[in-house]
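J.: Sequence:
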Amino acid sequence: MTDAVLRVDGLVKRFGSATAVDDVSFSIAPGETLGLLGPNGAGKTTTISMIAGLLVPDAGSVTVAGVQMADDPVGARRHIGLVPQDLAIYPDLSARANLDYFGRLQGLRGAALRRRIGEVLEMVGLADRAKEPSKRFSGGMKRRLNIGIGLLHQPDLLVLDEPTVGVDPQSRNSILEAVEALSVEGMAVLYTTHYMEEAERLCDRIAIVDDGRVRAEGTRDQLIELTGGVDTIRLTGTGALDTGAEAVGRVPAVERVVRDGSTLVLTVRSAPTAVAPIVNAATGAGLSLTDVEISRPDLESVFLHLTGKALRD
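Quick note: the sequence shown uses UniProt numbering, first residue 1, plus one each step.
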């Protein structure tokens, strides 16, 4: 993408004999959210630290809004809003005072700063608590304030490192809703997480990261195709199980049938459209069904397929 807000090419970072990031490349367009999905220790935070100019890569390059980080780190950083995993707020200052302080560091002043603080407080749902010291806030409210600080100067690229870790479900949902709104405004977003459901909900594209490498990248559907794109249907019942297995095996969408006690486990392509003829074939063969369960592949399946281990190992 020639108009990419962020372009990362061949990033490498070593700590002694350990390679934390190994030849990582990707790009993000305006209005796009890219997720880095992987377990703790996969290299996600090291990658975004290099993108934000906090670490110098051993190899590779980072370009933000056309500015090479290596050539002009200050200029490149002006286009970035960084929301780190560790909270970066002053607990004795109110939400408004925190935003005022960080806004001044980012070069905002006067009426423009006051207006932007008001907009950000509304955006992160803290307008009614703006005057309270942030030490009184819940973990989720502190996280939202952290995001607000990153948004103040209206960056071209917002980088969020595991922003929902350790927050309650209500605050987590508020954070996800705020992130969803950003890409609508045209902001490019880089979002790191080890929560599969967050990546599926928020991200236009997902890069699966493990052991410092990008194992695969694409839309959710493109990644699912890597597993073969097949679904599983489980038919549980009584009666003519063997005859039923033969009958459903003749349905064109069915690739394999395995009997497991009183359950037939079917490997199927496009289960939602295939389930009706499968049920008709089973019941027509004398199988009395008590349960029909459809399982579709997800990003957990993709991660297992690519790495041989579960996402949260």
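These are computed hints drawn from the structure, not numbers from a lab.
A portion of the hints provided could be inaccurate.
[To be verified] Lysine to aspartate or glutamate pairs mimicking EDC-like chemistry, simulated, CA-CA at most 16 Å apart: (1) Lys135 with Asp72; (2) Lys131 with Asp86; (3) Lys309 with Asp298; (4) Lys309 with Asp211; (5) Lys135 with Asp71; (6) Lys135 with Asp86.
[Stated by the list, open to error] Across the chosen pairs, the derived CB separations fall in these ranges: (7) Ser288 with Asp22: 22 to 28 Å; (8) Pro169 with Thr219: 25 to 31 Å; (9) Asp22 with Asp242: 49 to 55 Å.
We put the beta carbon where it would ideally sit given N, CA and C, even for glycine.
J.: Could you run down the list of hints and mark each one as holding or not?
T.: Results for each hint:
1. Proximity of Lys135 to Asp72 is assessed by CA-CA distance (about 36 Å); at most 16 Å being required, the pair is judged violated.
2. Distance hint between Lys131 and Asp86 is unfulfilled; the C-alpha atoms sit about 23 Å from each other, more than 16 Å.
3. For the given pair, Lys309 sits about 14 Å from Asp298 by alpha-carbon distance, which is consistent with the 16 Å threshold.
4. At roughly 12 Å between alpha-carbon atoms, Lys309 and Asp211 fall within 16 Å of each other, so this suggested pair holds.
5. Straight-line distance between C-alpha atoms of Lys135 and Asp71 comes to about 39 Å, which puts the hinted pair past the 16 Å bound.
6. For the suggested pair Lys135 and Asp86, the alpha carbons sit about 15 Å apart, so the restraint of at most 16 Å is met.
7. Distance hint for Ser288 and Asp22: a CB-CB separation of about 55 Å, inconsistent with the stated range 22 to 28 Å.
8. Taken as a hint, the range 25 to 31 Å holds for the pair Pro169 and Thr219, whose Cβ atoms sit roughly 27 Å apart.
9. For Asp22 and Asp242, the Cβ-Cβ distance of about 51 Å falls inside the hinted range of 49 to 55 Å, so the restraint holds.
The structure shown violates the earlier hints numbered 1, 2, 5, 7.
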